[in-house]
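Line order of the protein sequences matches chains V and P.
The working numbering puts the last residue of the first sequence at 348; the count rises by one with no breaks.
The working numbering puts the last residue of the second sequence at 633; the count rises by one with no breaks.
Hints are computed from structural coordinates only; laboratory data are not their basis.
These numbers come from a predicted model, not from an experiment.
Be aware that a few hints might be false.
[Claimed, not checked] Simulated restraints on C-beta separations:
id, chain 1, residue 1, chain 2, residue 2, range
1, V, Leu254, P, Val494, 37 to 47 Å
2, V, Leu95, P, Asp462, 26 to 36 Å
3, P, Asn570, V, Thr21, 35 to 45 Å
4, P, Ala440, V, Asp40, 25 to 35 Å
5, P, His491, V, Thr21, 22 to 32 Å
6, P, Val494, V, Asp177, 41 to 51 Å
7, P, Asp468, V, Pro42, 48 to 58 Å
8, V, Pro347, P, Gly470, 51 to 61 Å
9, P, Asn61, V, Ala74, 32 to 42 Å
10, P, Ile573, V, Asp40, 55 to 65 Å
The beta carbon of each residue, even a glycine, is placed where N, CA and C say it ideally should be.
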Amino acid sequence: MKMPSVTIDAGVLAAPPEYGTVDDAHRYVETLLDWRKLLDEPWVAIYMSEGASEALFADGLYPLRDNLKKLFAANGIVEYDVNTVARVVDTLLQLTPSFETYFRIRDVLAEKLSTNPDILRLSAGDKLQSDLARCVILIAILRLHCREPIRDHSLILRHAPKQVVNVRAIIHEIDHDRNDLSALPTHPEVFEGNVLICDDFRGLIECLDESSILVSSTDNVGLETAIRIALYKSRLGRGEDPDWNDVRGLRIGLSFFETVKMSCTDQASSFPAKVLRAIVETLDGENLAAVHALRTGPGGDDPQQMRGADGAMRRDIDYEFHLHYWQCDDGMVELATVVTHNDFTIPG
Amino acid sequence: MITKWKVFNFKSIQKETELKFAPLTVFTGANSSGKSTFLQTILLVAQTLAHKVSSRSVVLNGAFTRLGQFDDLRSVDSTADQIVIGWTCQPLHDPQSRRVLGLRRSRFYYGRSRHALSSVSCEIAFDTDDSGAQKEITQIQPRLFSSQLSALIRDPEEGDRRSFVTIRRTSILSDTSKQKWMDACDSDELLARASLQYEVECDEDSLADIREDFVSAVPAGCLLRHFLPDRLSLGVNMTAEDVQTILNVIAGEGLRGMPQRYYADREIAVPAAVIDFILNLAGNVGDDVRRALSERLQHGPDLLGSSMVSLEHLSDALRSVHSSFRRELRQQMAEAEELAKLVNDSVRAERKEELAVIPFRPPGAIAEASWYLDHFFSTAVQYLGPLRDEPKSLYPLAPTANPSDVGLKGEHTAAVLDLHKSRPIRYIPSTAFVEAEVKAKPVTRSLEAAVVDWLQYLGVADSVQSRDRGKFGHELKVNVSGHNQSHDLTHVGVGVSQVLPILVASLLAEPDTTLVFEQPELHLHPKVQTLLADFFLSMTVLGKQCIVETHSEYLINRLRFRTAAAGEKNPWISALRVYFVERPPEGSTFREVKINEYGAVMDWPEGFFDQSQQEAEAILRAAAKKRKTQRGK
Numbered sequence: 001m002k003m004p005s006v007t008i009d010a011g012v013l014a015a016p017p018e019y020g021t022v023d024d025a026h027r028y029v030e031t032l033l034d035w036r037k038l039l040d041e042p043w044v045a046i047y048m049s050e051g052a053s054e055a056l057f058a059d060g061l062y063p064l065r066d067n068l069k070k071l072f073a074a075n076g077i078v079e080y081d082v083n084t085v086a087r088v089v090d091t092l093l094q095l096t097p098s099f100e101t102y103f104r105i106r107d108v109l110a111e112k113l114s115t116n117p118d119i120l121r122l123s124a125g126d127k128l129q130s131d132l133a134r135c136v137i138l139i140a141i142l143r144l145h146c147r148e149p150i151r152d153h154s155l156i157l158r159h160a161p162k163q164v165v166n167v168r169a170i171i172h173e174i175d176h177d178r179n180d181l182s183a184l185p186t187h188p189e190v191f192e193g194n195v196l197i198c199d200d201f202r203g204l205i206e207c208l209d210e211s212s213i214l215v216s217s218t219d220n221v222g223l224e225t226a227i228r229i230a231l232y233k234s235r236l237g238r239g240e241d242p243d244w245n246d247v248r249g250l251r252i253g254l255s256f257f258e259t260v261k262m263s264c265t266d267q268a269s270s271f272p273a274k275v276l277r278a279i280v281e282t283l284d285g286e287n288l289a290a291v292h293a294l295r296t297g298p299g300g301d302d303p304q305q306m307r308g309a310d311g312a313m314r315r316d317i318d319y320e321f322h323l324h325y326w327q328c329d330d331g332m333v334e335l336a337t338v339v340t341h342n343d344f345t346i347p348g
Numbered sequence: 001m002i003t004k005w006k007v008f009n010f011k012s013i014q015k016e017t018e019l020k021f022a023p024l025t026v027f028t029g030a031n032s033s034g035k036s037t038f039l040q041t042i043l044l045v046a047q048t049l050a051h052k053v054s055s056r057s058v059v060l061n062g063a064f065t066r067l068g069q070f071d072d073l074r075s076v077d078s079t080a081d082q083i084v085i086g087w088t089c090q091p092l093h094d095p096q097s098r099r100v101l102g103l104r105r106s107r108f109y110y111g112r113s114r115h116a117l118s119s120v121s122c123e124i125a126f127d128t129d130d131s132g133a134q135k136e137i138t139q140i141q142p143r144l145f146s147s148q149l150s151a152l153i154r155d156p157e158e159g160d161r162r163s164f165v166t167i168r169r170t171s172i173l174s175d176t177s178k179q180k181w182m183d184a185c186d187s188d189e190l191l192a193r194a195s196l197q198y199e200v201e202c203d204e205d206s207l208a209d210i211r212e213d214f215v216s217a218v219p220a221g222c223l224l225r226h227f228l229p230d231r232l233s234l235g236v237n238m239t240a241e242d243v244q245t246i247l248n249v250i251a252g253e254g255l256r257g258m259p260q261r262y263y264a265d266r267e268i269a270v271p272a273a274v275i276d277f278i279l280n281l282a283g284n285v286g287d288d289v290r291r292a293l294s295e296r297l298q299h300g301p302d303l304l305g306s307s308m309v310s311l312e313h314l315s316d317a318l319r320s321v322h323s324s325f326r327r328e329l330r331q332q333m334a335e336a337e338e339l340a341k342l343v344n345d346s347v348r349a350e351r352k353e354e355l356a357v358i359p360f361r362p363p364g365a366i367a368e369a370s371w372y373l374d375h376f377f378s379t380a381v382q383y384l385g386p387l388r389d390e391p392k393s394l395y396p397l398a399p400t401a402n403p404s405d406v407g408l409k410g411e412h413t414a415a416v417l418d419l420h421k422s423r424p425i426r427y428i429p430s431t432a433f434v435e436a437e438v439k440a441k442p443v444t445r446s447l448e449a450a451v452v453d454w455l456q457y458l459g460v461a462d463s464v465q466s467r468d469r470g471k472f473g474h475e476l477k478v479n480v481s482g483h484n485q486s487h488d489l490t491h492v493g494v495g496v497s498q499v500l501p502i503l504v505a506s507l508l509a510e511p512d513t514t515l516v517f518e519q520p521e522l523h524l525h526p527k528v529q530t531l532l533a534d535f536f537l538s539m540t541v542l543g544k545q546c547i548v549e550t551h552s553e554y555l556i557n558r559l560r561f562r563t564a565a566a567g568e569k570n571p572w573i574s575a576l577r578v579y580f581v582e583r584p585p586e587g588s589t590f591r592e593v594k595i596n597e598y599g600a601v602m603d604w605p606e607g608f609f610d611q612s613q614q615e616a617e618a619i620l621r622a623a624a625k626k627r628k629t630q631r632g633k
């Protein structure tokens with residue numbers, strides 16, 4: 001699976017200023033928890049600049065207990081204590097792998113960097129700004145030029161005014177160990193690229209391309225990740241406040257991944273999105289006109305195929321392909337196969 | 001359950017320190033800060049009351065702990081002579097019978113059933129005799145300086161009532177009021193004479209209870225069981241008692257008015273003037289009545305060779321009168337205002353004032369409180385120390401008085417488990433703790449099933465089997481996760497032998513038991529430490545109090561998590577108290593770490609599990625510095 005990845009800007013970990021509001025404090029903690037959660041998730045890789053701690057120290061934003069203490073005291077926050085929040089920040093700083101090590105790219109010498117919108121001015125200190133600038137250019141370069149594109153890679157900032165930030169800079173030199181950056185424009189040409197940015201979990205999911213994750217997946221983890229993202233986005237689209245972990249009704253059958261991969265490989269690039277939409281509609285009980293029972297024979301009165309108390313169902317993906325699944329007696333949906341039009345089989 | 005504990009002048013606890021206890025009370029803090037010291041005072045009280053020799057005020061070196069001698073215990077640089085320990089307990093009551101649960105274990109039950117013993121407080125002070133020949137002995141067996149016992153009785157009809165008794169050691173020689181009672185004791189009444197070395201004070205209600213039996217009684221001394229009042233020594237004016245007894249018998253209840261215990265061997269002579277008065281009143285009822293009564297009185301047994309009539313004979317004579325006349329005669333005696341004065345004057349005219357010291361049970365509430373404490377501390381306080389017996393293939397037979405006692409090091413766990421493995425016990429299954437919000441519903445299963453349930457939850461073993469191997473002792477085997485074969489404890493990690501005694505002791509304990517654990521987390525993986533907190537919480541639901549001394553941040557964090565995850569009716573807020581112990585130069589200080597409904601620590605004390613935080617910051621700071629240096633090269 002092509003694993004989605006993110007880089008957290010060190011500024012995200014800095015405590016809001018003492019004059020911050022109650023909402024600032026709560027949002028800070030909630031965002032920290034979101035990113036902390038990503039560390040344990042198998043479907044996403046999370047990175048941080050190796051200069052993050054140094055920048056925070058240099059700008060006087062770490063250790064953050066004093067700052068947090070003032071913020072919590074000023075706003076009467078009793079839901080969290082400073083040490084516990086600081087522990088989450090420490091964990092992120094200590095356990096998050098280094099972006100530079102993973103992408104084998106360390107530093108860049110550049111000038112006349114500009115971003116649109118201007119995200120650099122949002123940094124809380126000079127060192128943080130400098131570190132962010134370095135990350136922005138490096139990510140933009142990687143997104144545009146490396147052979148293994150990291151198109152989904154998002155940069156997590158404290159505040160993201162837009163989803164895509166355009167980057168312009170004159171690049172003099174890059175310190176890296178890669179062998180796929182030969183086409184890079186160098187001085188006096190201007191490098192132009194972009195980075196995806198987000199400031200919360202929802203923004204991150206919106207940046208992700210579930211279809212490409214599905215296509216690149218090699219096992220059920222990738223498949224389930226793609227389904228989760230599609231489900232999350234669908235629910236967001238309906239105006240809900242979705243819970244990432246709320247996929248309790250889903251079970252993936254033994255043959256399902258194989259048949260999905262086969263059909264996605266053979267079909268047009270829009271097909272994975274159609275499969276995911278069909279799955280999401282099945283899980284959320286939508287577009288019921290596209291669903292009917294999968295019967296034992298061709299007649300409309302033929303009995304439904306059953307597996308004990310579980311009933312077989314067929315949902316149209318498009319005119320040619322159909323999703324077969326079990327509507328289980330315990331309320332679960334067990335995805336069985338993706339089949340062509342004339343195929344009415346379903347594995348038991 | 002213990003609800004308060006006070007210590008003064010004991011080792012590092014120099015200042016008076018009173019802490020409130022909850023069903024789960026946790027002590028944390030640096031080494032040698034005073035955590036164990038505080039717990040030692042609980043063990044000291046428990047081992048004292050469990051000790052068979054009741055004449056020892058406090059037992060410094062006993063079954064739970066060996067504390068040395070008094071001078072080792074008194075705070076260094078202290079100016080106070082006495083060590084003080086005080087506490088309050090709240091008995092659990094059976095919801096049906098309303099009886100105190102602790103006393104159900106007793107062979108007998110005393111108390112008024114409509115009353116409920118709501119709380120019992122006790123405070124003892126002990127010291128040594130540095131002046132005399134007793135110096136060496138009192139270092140090992142300190143003297144009681146004072147003991148205060150109070151009981152709060154909840155009476156649904158009359159409201160709450162507090163009874164107390166205060167006992168203080170006093171010098172008989174210098175206390176002149178004691179001398180007359182000392183003179184009243186025969187020289188061979190050693191216990192009675194010894195009891196007078198204490199002065200006793202009671203509340204008015206308790207005194208009134210005593211004076212229902214002895215109108216002239218004053219508490220003159222006390223016989224102690226360790227530091228609890230076993231028998232009060234009442235100073236009694238027997239002349240006044242005889243006057244009252246005569247009045248009770250002739251004008252009141254008949255012989256029922258005579259306390260049999262104290263008059264079984266004692267004859268009371270009724271003065272002739274009183275007999276004449278009674279006969280006159282009988283004449284008012286009828287001449288036949290007078291005549292019959294007179295005749296009857298003349299044929300009574302001689303009293304001490306004299307012609308006086310004994311009170312018993314007078315009572316018999318009165319009973320021989322026909323009931324209708326007897327009622328009339330008694331009514332006349334009861335209405336005769338001059339009778340009381342006549343009896344008093346004539347008795348006192350005929351004999352010298354006579355004093356006595358009488359041993360008497362303490363008043364009802366005090367006796368009940370005393371018995372509760374005695375039973376609670378001698379049977380319901382259990383202690384498991386930090387160190388475990390090394391794992392063995394076979395656990396040899398070891399003598400233990402209590403078949404439920406796993407031992408201070410868990411050395412009897414195999415035997416206890418084998419003995420009780422089929423015994424049904426009530427416990428909270430581990431499944432209650434699978435969800436963040438606990439739904440604790442007790443179930444009843446065998447001890448073995450309950451132990452296995454929690455071993456699996458803690459992730460240290462899948463099953464446990466115990467077997468009696470006769471004279472060789474007991475065998476204990478476990479199946480560890482993922483393996484079908486049973487192994488004895490020498491072939492599995494020490495986690496099992498660390499945890500098993502905790503589970504067996506706790507699950508087997510009765511409600512209203514206090515379990516004291518020192519560093520239960522030793523040798524345990526952080527995950528097991530975390531889940532062990534759930535086990536302790538499950539105990540509190542069943543009325544079993546856990547007092548835990550720990551260095552485990554994981555355990556504390558789990559308790560915080562449970563508090564945060566609990567719903568609106570948060571049961572853990574009131575069930576949990578955490579104390580952080582520090583040791584500045586002026587002695588141990590105990591600071592309560594308040595965990596709020598969100599699981600957050602309010603006013604986080606400096607040094608309270610912030611070491612790893614500081615280390616993390618130091619690591620990051622060092623790493624950032626090194627990186628900067630390397631880049632500068």
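Hints, one by one, checked against the model:
1. Judged by the Cβ atoms, the range 37 to 47 Å given for Leu254/V and Val494/P holds: they are separated by roughly 42 Å.
2. Judged by the Cβ atoms, the range 26 to 36 Å given for Leu95/V and Asp462/P holds: they are separated by roughly 32 Å.
3. Remark: the range hint 35 to 45 Å for Asn570/P to Thr21/V is contradicted by a beta-carbon distance near 28 Å.
4. Between Ala440/P and Asp40/V the C-beta distance comes to about 28 Å, which sits within the given range of 25 to 35 Å.
5. A C-beta distance of roughly 59 Å is found between His491/P and Thr21/V, which places it outside the suggested range of 22 to 32 Å.
6. At roughly 46 Å, the beta carbons of Val494/P and Asp177/V sit within the given window of 41 to 51 Å.
7. Distance hint for Asp468/P and Pro42/V: a CB-CB separation of about 49 Å, consistent with the stated range 48 to 58 Å.
8. The given range of 51 to 61 Å is respected by Pro347/V and Gly470/P, whose C-beta atoms sit roughly 59 Å from each other.
9. Judged by the Cβ atoms, the range 32 to 42 Å given for Asn61/P and Ala74/V is violated: they are separated by roughly 55 Å.
10. Between Ile573/P and Asp40/V the C-beta distance comes to about 29 Å, which lies outside the given range of 55 to 65 Å.
Checked against the numbered hints above, the structure breaks hints 3, 5, 9, 10 and satisfies the rest.
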